[in-house]
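Protein chains in written order, with this note's numbering: chain A, 1 to 301; chain E, 1001 to 1185; chain V, 2001 to 2396; chain W, 3001 to 3092.
Calculated from the structure, these hints are not laboratory results. Worth double-checking, as some hints may not be accurate.
To be clear about the criterion: a stretch of chain A counts as covered by chain W if any three or more of its residues have a C-beta under 8 Å from a C-beta of chain W, and this derived list gives those stretches [claimed, not checked]:
no.: 1; segment: 7 to 16
no.: 2; segment: 25 to 34
Taking lysine-lysine and the BS3-like style, the derived pairs with C-alpha atoms no more than 27 Å apart in a straight line are [what the hints assert, rightly or not]:
no.: 3; chain 1: A; residue 1: 191; chain 2: W; residue 2: 3037
no.: 4; chain 1: E; residue 1: 1150; chain 2: V; residue 2: 2005
no.: 5; chain 1: E; residue 1: 1056; chain 2: V; residue 2: 2290
no.: 6; chain 1: E; residue 1: 1056; chain 2: V; residue 2: 2005
no.: 7; chain 1: A; residue 1: 93; chain 2: V; residue 2: 2044
no.: 8; chain 1: W; residue 1: 3037; chain 2: A; residue 2: 257
no.: 9; chain 1: V; residue 1: 2234; chain 2: E; residue 2: 1158
no.: 10; chain 1: W; residue 1: 3023; chain 2: A; residue 2: 191
Where a beta carbon is used, it is the ideal one built from N, C-alpha and C, also for glycine.
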Amino acid sequence: MNIYEKLAMQEEMISPGISACVGCNVELTIRTVMRVLGPNTILAIPPGCMGGVGVVGWDKKSGSKTPVFFPLLDNVASMLAGIKLHYEHIGQKVNVVAFAGDGASADAGLQCLSGAAERGDKILYICYDNEGYMNTGYQRSGTTTKGAWTSTTPVSRQGCGGKKQDKKDFPMIMAMHDIPYMATCNPAFIKDMVDKVEKAMAVEDGLAFLYVYNPCLTGWGIQSDKSIESARAAVDSNFAPLYEVINGTFKLNYQPKETIPVKNFVSYCKKFSHLNDLEIENLQQQTDSKWHRLQMLCEMG
Amino acid sequence: MKEIRLHGIGGMGTVKAGEILVHETVKEGKYGNSMPFFGFERQGAPVTSFVRLDDKPIRPKNKVYQPDCVIVLDPSLLVSANVFEGLNDNSIFVVNSRIENLEAIKISDRVARIAYVDATDIAMELLNRAIPNTIMLGAFARATGWAERKSLEEVIVKFFGEKNREAFRRGYDEVKVIELGEGQL
Amino acid sequence: MPEIKVQNGNMAAATGAALCRPDVIAAYPITPQTPVVEYLTQFKADGEIESTMSEVESELSAMSVVTGASLAGSRTFTATASQGLALMYEPYFRASTLRLPIVMAVVNREMISPQTLWGGPQDALCVRDAGWIQIYVEDNQEILDTIILAFRLAEDKGVLLPVNVCYDGFYLSHMSERVEVPDQASVDAFLPHYVPEHIKLDPVRPMSVDPLTNGYLLTEYRLRHTQGHQRALKLIDELDAEFANQFGRSYGGLVEEYCNTDSDAVLVTMGSMTGVAREAVDLARARGRKIGLLKLRAVRPFPGARVVKAIAGRKAFGVVDRSVSFGWGTGITFREIRSAMYGEGSNIPAVPMIGGLGGEDVTIEHMMLAIDCIYQAVESGLSNETVWLNKEIDIM
Amino acid sequence: MKYISDYIVPIGPEGLYIIDTGKWRTRRPEMDIMKCKKCGTCFLYCPVHAVKRHEDKSYTIDYTYCKGCGICANECRFDSIEMIPEEGDSDA
């Protein structure tokens, strides 16, 4: 069955009419992954964009049609672990899934997620990285790219500023927990994403983690129709590569036919518009060195 | 109600000895409580433990300030700790010591009976380790009569194994008891 | 058949919890609660309990795991102390506002600074308005019995609230004494299975939990939450009687009075210091003072009516607190008791006293001093400033 | 099982309701059937899943909740979708 048939066949699990921004690729991501996950799922939506837009609704009227709840920003993985322990205790199979932003995952919620990963709690954790606290007005987070404008890393009238620190390499941090399955996804690569959700669902011996790189139209200043195009550029420039780590083995899932410069990706986003050539060159160098490291890890098999 | 204070050194089983006394008294249908003095407990640091024994439920859940009996598990504590502090009149002093160590210190005149035994020596001989607690419980049972000998022996064997039966008996048999009518040693 | 054992307070707590057959247990070690975690994991290793355990990485996760499990329908237990409770605060508040019948032992320990390990209920008293039921106990038997009772209380359909069973660190947690352990069958008879009917995350019947809710509806939830506490106010007394009927032990329910029928003044205490207070009351009475004792057990819901009944008509009362209400300069329960008295129009002299902070011992001397202070108020007809008992004894 | 949810715990119908996101639209995507190659790209990328797939493998756009983002038009490799400005606010 091809991807079109598969997705068309599966029930839409998120009600229409949620108030995500026009063109939001996180809305696309949650709709897609929830179609794959299906009704036998308990969904956690911590504070963040998807909570804000109404995914925690009720009774097929709005939001998720599966059981859904708001965990706290900093305890997503632990609450899910508790739910999963209950279902394991009574011997019932249920997908217990987090759909959480980078703030709830890589910053405030990292301790709980790390603990759950180490303990091998059998949950599926999906982190959508839109590089900041977008639901509260675009503040910086640990995963914001260096140099990016955010409301807490402003740019001066002279055109200087933006985030001073490097982006936290969150998928790599999770991979190094030696969990059974870790994969990166991108909304421009739907088939790849669907495959990875299916693999993650099949994991039975620990935590499965999916990282989705979701450029934020409103927060980053991207035209709504370029939502997917800009996301694709992040992959094609090797800035946000697609790879998976299965029981410690790295595998590259996509090699651009022709790698584009990071500058091309950056040019989609107003949040980088103040960067000078040197700053963009630094981003390019960092991207190259991380890509090189990833290739080495993949070559190790 | 009888109140007891145990002085020991970390690693000697001071707290456990106090608990054993409670186990014995409860086994006999009576009441007791035992509580360590809570510090940062480490090997080699002084440890104090408090025990109360009674025929009826015991209400105070705190430290013992006026003990009727003091058990000292190591002779060094005779010098380094204030083992006579707050002692009740006519109290009983049970100590792991040779007679020479006792002769070197001033015994409180509130002590009416001294019971001493070289428990470290016996422990090294029987257990190959300087853990005098079960020997001292034997000495305590003999010196005070506040614990049933058989019953206490059973509790000790249950907690510490058969090897300690002999240790307890040696303590019971070898302890020397001196009545201090006039506060003289 | 019940079994007579010697247990320290932590073992009594672990044993009580085990008898309630929790489905999921998650706890993180912290002095002086650590042995509770060790005992429960040992029970599990030995096959004595069927609970699923989670060795969490923090108290934040301990509370979060039991919250999640309870949301899915499990009976859950955890335990903590001081800084651990503080770290839990966020999911702690939420457990009560989601009306999840979690039972958590709090092994009371002072809050830092300065760095301290020792006992004192400042930790739990500071979160008394986070919606939980809080019961403070006096001895190890009461720890075990109250945990069993706490599950009945928490899971009652009219209550549906989490319960803290609070006991003093070290003074009870590390003190060994005689404890009668009920047999499993009688506990099973007292405590039926937990079947959630108010909230459950289950794909069979999808529901959303905590949709964004406006203030109008939030007010309704708060109102119902307080009604749960009102129901608990009645039920704690009723369950005490039912428990006594089945197990032969009673603790007075919300409060316990001692030598208080003919008293002309009342001493109020809470927790493990109450035992020494009983001795002091006996001694004072032998010396001709008609002092009565009130032991506060429930702090939430606050047993206003029973407190008033125990104190009203006397000439004065005094409260020995092992906690500080900053800004008031008194102990915490003193303020609560005084509020209850004032609410009933009773304005007799009241003496706030603070003792035993940071695990300092509250001795018979302290309690005799406390009684003296209360009788000074009886004679002067005036309320006192806070008496800091340990400092006063040092000066004397 | 009937849950006793009223005001005990925050569950139930007090959540957010379906928003008429169709009203947000300033431009509407119009598909030229003649140019469409039924590749399904628009179906994959529509964030609100407004593109419907039919049994004959054809695709149409359901405007009920379409927010008019323009992703479908931008992604279509065959230029079969064009964004047309909405005329007035007749459906507002």
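Here's how the hints hold up against the structure:
no., hint, result
1, 7 to 16, "holds (count 5)"
2, 25 to 34, "holds (count 4)"
3, A/191 / W/3037, "19 Å, holds"
4, E/1150 / V/2005, "19 Å, holds"
5, E/1056 / V/2290, "24 Å, holds"
6, E/1056 / V/2005, "16 Å, holds"
7, A/93 / V/2044, "23 Å, holds"
8, W/3037 / A/257, "24 Å, holds"
9, V/2234 / E/1158, "45 Å, violated"
10, W/3023 / A/191, "31 Å, violated"
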